[in-house]
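J.: If you're matching them up, the sequences are chains A and B in order. Residue 156 in numbering that gives the first Met the number 0 sits at position 157 of the first sequence, with consecutive numbering throughout. Residue 79 in numbering that gives the first Met the number 0 sits at position 80 of the second sequence, with consecutive numbering throughout.
These aren't lab readings, by the way, just hints derived from the structure by calculation. Bear in mind that the values here come from a model prediction, so they are computed numbers and not experimental data. Every residue, glycine too, gets a C-beta built ideally from N, C-alpha and C. A few of these clues could be false.
Distance ranges between label pairs, derived from CB positions [said to hold, decoys possible]:
1. B:S282 with A:R72: 46 to 52 Å
2. A:N228 with B:E120: 20 to 26 Å
3. B:D515 with A:G179: 38 to 44 Å
4. A:R72 with B:G626: 53 to 59 Å
Straight-line distance between alpha carbons at most 20 Å, and here's what the computed EDC-like set of lysine to aspartate or glutamate pairs gives [what the hints assert, rightly or not]:
5. B:K141 with A:E244
6. B:K24 with A:E175
7. B:K24 with A:E178
8. B:K141 with A:E178
9. A:K191 with B:E263
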Amino acid sequence: MTTTPEPVGAMQVQDAGPASPDRRRAAPPGGSALHEVKSVGVKIVGDVILDVNHISLRFGGVKALTDISFNVREHEIRSIIGPNGAGKSSMLNCINGVYTPQEGSITFRGQKFSHMSSRQVAEMGVARTFQNLALFKGMSVIDNIMTGRNLKIKSNLLLQALRIGPAEREEIQHREYVEGIIDFLEIQAYRKTPVGQLPYGLQKRVDLGRALAMEPQVLLLDEPMAGMNVEEKQDMCRFILDVNEEFGTTIVLIEHDMGVVMDISDRVVVLDYGKKIGDGEPEDVRNNPDVISAYLGTSH
Amino acid sequence: MQTTFPQLLLKHAAERPAAPAMREKEYGIWQAHSWSDLARLVEQLAAGLQQAGLRRGEHMVVIGANRPRLYATVLAAQSLGAVPVPLYQDAVGAECVFPLNNAEIRFVMVEDQEQVDKLVEIRDRCTQISNIYYDDPRGLRKYSEPGLESLDALIESGKAFVARHPQWFAAEVAKVQPGDVAAMFFTSGTTGNPKGVVHTHSTLIDRATAGAEFDRLTHAEEVLAYLPLAWIGQNIFSYAQWLACGYVVNCPESAATVTIDLKEVGPTYYFAPPRVFEGLLTSVMIRMEDASALKRKMFEACMNIARRVGPARMNGEEVGVLDRIKYALGNVLVYGPLRNNLGFSRVRVAYTAGEAIGPDLFSFYRSIGINLKQLYGSTETAVFVCLQPDNQARADTVGVPIRGVEIKVADNGEIMVKSAGLLKEYYKNPAATAEVLTADGWYHTSDAGFLDAHGHLKIIDRVKDVGRIKGGPNDGAMFAPKYVENKLKFFPFIKEVVALGDGRDHACVMINIDFDAVGNWAERRNLPYAGYTDLAQKPEVYQLMKECVEKVNADLASDTLLAGSQVSRFLVLHKELDADDGELTRTNKVRRGFIADKYGVLVEALYAGKTEQYIETVVKFEDGRTGSVSATLKINDCKTFAPVKAAA
Numbered sequence: 000m001t002t003t004p005e006p007v008g009a010m011q012v013q014d015a016g017p018a019s020p021d022r023r024r025a026a027p028p029g030g031s032a033l034h035e036v037k038s039v040g041v042k043i044v045g046d047v048i049l050d051v052n053h054i055s056l057r058f059g060g061v062k063a064l065t066d067i068s069f070n071v072r073e074h075e076i077r078s079i080i081g082p083n084g085a086g087k088s089s090m091l092n093c094i095n096g097v098y099t100p101q102e103g104s105i106t107f108r109g110q111k112f113s114h115m116s117s118r119q120v121a122e123m124g125v126a127r128t129f130q131n132l133a134l135f136k137g138m139s140v141i142d143n144i145m146t147g148r149n150l151k152i153k154s155n156l157l158l159q160a161l162r163i164g165p166a167e168r169e170e171i172q173h174r175e176y177v178e179g180i181i182d183f184l185e186i187q188a189y190r191k192t193p194v195g196q197l198p199y200g201l202q203k204r205v206d207l208g209r210a211l212a213m214e215p216q217v218l219l220l221d222e223p224m225a226g227m228n229v230e231e232k233q234d235m236c237r238f239i240l241d242v243n244e245e246f247g248t249t250i251v252l253i254e255h256d257m258g259v260v261m262d263i264s265d266r267v268v269v270l271d272y273g274k275k276i277g278d279g280e281p282e283d284v285r286n287n288p289d290v291i292s293a294y295l296g297t298s299h
Numbered sequence: 000m001q002t003t004f005p006q007l008l009l010k011h012a013a014e015r016p017a018a019p020a021m022r023e024k025e026y027g028i029w030q031a032h033s034w035s036d037l038a039r040l041v042e043q044l045a046a047g048l049q050q051a052g053l054r055r056g057e058h059m060v061v062i063g064a065n066r067p068r069l070y071a072t073v074l075a076a077q078s079l080g081a082v083p084v085p086l087y088q089d090a091v092g093a094e095c096v097f098p099l100n101n102a103e104i105r106f107v108m109v110e111d112q113e114q115v116d117k118l119v120e121i122r123d124r125c126t127q128i129s130n131i132y133y134d135d136p137r138g139l140r141k142y143s144e145p146g147l148e149s150l151d152a153l154i155e156s157g158k159a160f161v162a163r164h165p166q167w168f169a170a171e172v173a174k175v176q177p178g179d180v181a182a183m184f185f186t187s188g189t190t191g192n193p194k195g196v197v198h199t200h201s202t203l204i205d206r207a208t209a210g211a212e213f214d215r216l217t218h219a220e221e222v223l224a225y226l227p228l229a230w231i232g233q234n235i236f237s238y239a240q241w242l243a244c245g246y247v248v249n250c251p252e253s254a255a256t257v258t259i260d261l262k263e264v265g266p267t268y269y270f271a272p273p274r275v276f277e278g279l280l281t282s283v284m285i286r287m288e289d290a291s292a293l294k295r296k297m298f299e300a301c302m303n304i305a306r307r308v309g310p311a312r313m314n315g316e317e318v319g320v321l322d323r324i325k326y327a328l329g330n331v332l333v334y335g336p337l338r339n340n341l342g343f344s345r346v347r348v349a350y351t352a353g354e355a356i357g358p359d360l361f362s363f364y365r366s367i368g369i370n371l372k373q374l375y376g377s378t379e380t381a382v383f384v385c386l387q388p389d390n391q392a393r394a395d396t397v398g399v400p401i402r403g404v405e406i407k408v409a410d411n412g413e414i415m416v417k418s419a420g421l422l423k424e425y426y427k428n429p430a431a432t433a434e435v436l437t438a439d440g441w442y443h444t445s446d447a448g449f450l451d452a453h454g455h456l457k458i459i460d461r462v463k464d465v466g467r468i469k470g471g472p473n474d475g476a477m478f479a480p481k482y483v484e485n486k487l488k489f490f491p492f493i494k495e496v497v498a499l500g501d502g503r504d505h506a507c508v509m510i511n512i513d514f515d516a517v518g519n520w521a522e523r524r525n526l527p528y529a530g531y532t533d534l535a536q537k538p539e540v541y542q543l544m545k546e547c548v549e550k551v552n553a554d555l556a557s558d559t560l561l562a563g564s565q566v567s568r569f570l571v572l573h574k575e576l577d578a579d580d581g582e583l584t585r586t587n588k589v590r591r592g593f594i595a596d597k598y599g600v601l602v603e604a605l606y607a608g609k610t611e612q613y614i615e616t617v618v619k620f621e622d623g624r625t626g627s628v629s630a631t632l633k634i635n636d637c638k639t640f641a642p643v644k645a646a647a
């Protein structure tokens, strides 16, 4: 036979990463019929959903955060950047309820609080991924993502253990939702693979999948692209943009890769030594002299 | 059979409305689409496309993986008398420009954002594109590209039209004639622009039916559609024959899940190019090496029986009682579970084609009870020219001409084919058409070959590569470089071969060792080596190569036609042939002429009878820098055999 088929399985991963920032900023499409396909419509940045007021956090004598204030609007991608040790993860941990700041308050959807457990935060619709993956290595991808449905499961432990009545119906519903996420993140081939056997980039994806399983309103991503190669980064960028657009999820992102941050963020907060030194759209932040000096150093 | 694809669809929908036509895995579960569902979808799509302005006879491009809605779009276009043109989904944007412009494409149907991005990128070069439809809306919400619309919207508009005109579709389908153009396939030309191969409903359906009759395919077959739709083989196996027989086509979830889906579906009719079978075998062997000693022993013992008994059993030959019992035991312990693991438990007919398949590889599958066969055909012949009957499958032939095919061998050794499945023409290219299609209906395959004593077709090489030995004892004998190269490459130790001999008095080869395989072999024999060049020049390695070459010579000697192509001298190259150095094409085919030129001193030394030769070669590293490799290469002689005269 003289014709040879093209290599199987070489289907290219779509490139929608840092290379194509413009498309998000394109004008909203005209035809509305186009967008009735799935639940959520076009992304429109809305009102403030999360407001951080004068937060200070100390560990003994070490000041991790000093008087930080910024807000996050609904449906936007908000990045927190800064050099190592600037307090980015501490900030995320405050929002997440892992740390309790000594001063200041956080307002979520108009509800103000100064102390909250991480479970309460999760119930309010804030999910996160971790810098150092916190997955169950011995469990399959499906089971790991199913754990993200934990808060949504209503039937009690006994019924679940016996898989009877409502528990089984519920399991099917949740499984369907999880399958939707698996499809979305394109990890169908690894459904039943133990997470510990997957390469790092895929583990990161599973971590994101678990956070998505909570159907969060706000998603906190702690360095989702750390340790990834360019291709994996591009994939992850696309997933973040798609989550933002398809589900309308508000995203708070900590990231070191400036190219990525500048390309996909709507607004950026810059921290240095626990203080806020810049806040605004990527272009403004890029030209801010304080930010430049924090990153590159200045001669005095 | 005088019919068209849309008519076949309506026939199945009327006869077996609830039977599954396609299955697609969604949310981890196989979902079936019945023939009546499919017919309804096609009707709506056709109505939508007609409303949008797709005209009779116009071409429409389809790009994407095997998805039911893409198949439905192809059917919808054909129902309107339009011509679907599938393109490779992994081609880059620039490669799509020529086909899009050549066929004056206004309508494009794509799978997802990846393909839309591609079209957006080249749209300024293909300005006539007016409508782009996509199946998967993901990531496309913010696109404001003019003419971009979802398939759902198209279906909605079609639905409204169908509700007002319930009789419209049947009338439209009736207008399509069997002689109308049904599809066009672009062949990936190695030189110049690709050519659009035009096929009608009758050419495709004729070949699909002939193939189906040959293998007695029924509507009960299960097929996994995993190769690109733009390739005619895929089109025949999961489109033309699907509609001709009415079996079930299963769409894998994604390219990454094909092996999992294969196992779940358990196809009864399967096609794969040799390298897929090779990959599967390698994965089995690697897993066996990691298995426990007991399992390994059992596997080896059973495979020994299989090698001895299996092929004979498959060929319907008489097998002794004891062997039958042993084989049955092996079937329970090893072959059965192995077939199941590979997803071949239910395979009734499996085909491979596209390139030469190694005899060991071929007989491995047959020995474990898989009915693997070869076929011969091309885009221009709508695939089916020759097929191997169930019990006459051999690694070195491609089968007998099937119903409706006439074959003759031209004076220059070229195979000529006549059948009802030949291409109508190359699109807008009468010169190229005239070159391959004679006035009295013969098609030039440009393959050299012959029909053997049993009436099986044997392909030797491309006509333009076949040469003649000049002078010496074999003066005037046919020399087929690729045939010799392939035979040598079937040895796992040999990675590439360049055969020389056209216009010379004997044939010589330059060999590239397979570094992994030979390295592994050397380690097991405690043979130290410093690197590739060092290993390649080890006397032990030369001895190993010599054994391989002599085995090939012995094999060639039994072939009356090619006995003169036996290799009398060889050398092992000091560096790997590389596409970066221009020695291989991007698809890893050796560029014989270029190599003969570049390694001229070696060629001279081979024919001058020297025993070694110094050479210095410039190499290009991946980062673009260049360096040089030098070595003194040994040249060895090897035994040739007197031709074995055929018995009759």
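J.: If a hint holds in the structure, say so; if it doesn't, say that too.
T.: Hints and how they fare:
A hinted range of 46 to 52 Å for the beta carbons of S282 (chain B) and R72 (chain A) is consistent with their spacing of about 50 Å. Restraint check, N228 (chain A) to E120 (chain B): a C-beta distance of roughly 24 Å satisfies the suggested window 20 to 26 Å. For the pair D515 (chain B) and G179 (chain A), the supplied restraint of 38 to 44 Å holds, since their beta-carbon distance comes to about 42 Å. Separation of R72 (chain A) from G626 (chain B) is about 56 Å and conforms to the stated range, judged on CB atoms against 53 to 59 Å.
Restraint check for K141 (chain B) and E244 (chain A): satisfied, since their Cα atoms lie roughly 9 Å apart, inside the 20 Å limit. Of the supplied pair hints, the one linking K24 (chain B) and E175 (chain A) holds, its CA atoms being roughly 13 Å apart against a limit of 20 Å. At roughly 11 Å between alpha-carbon atoms, K24 (chain B) and E178 (chain A) fall within 20 Å of each other, so this suggested pair holds. Simply put, K141 (chain B) and E178 (chain A) have alpha-carbon atoms about 25 Å apart, too far for the 20 Å limit, and the pair is violated.
Simply put, K191 (chain A) and E263 (chain B) have alpha-carbon atoms about 14 Å apart, close enough for the 20 Å limit, and the pair holds.
Of the numbered hints stated above, the single one contradicted by the structure is hint 8.
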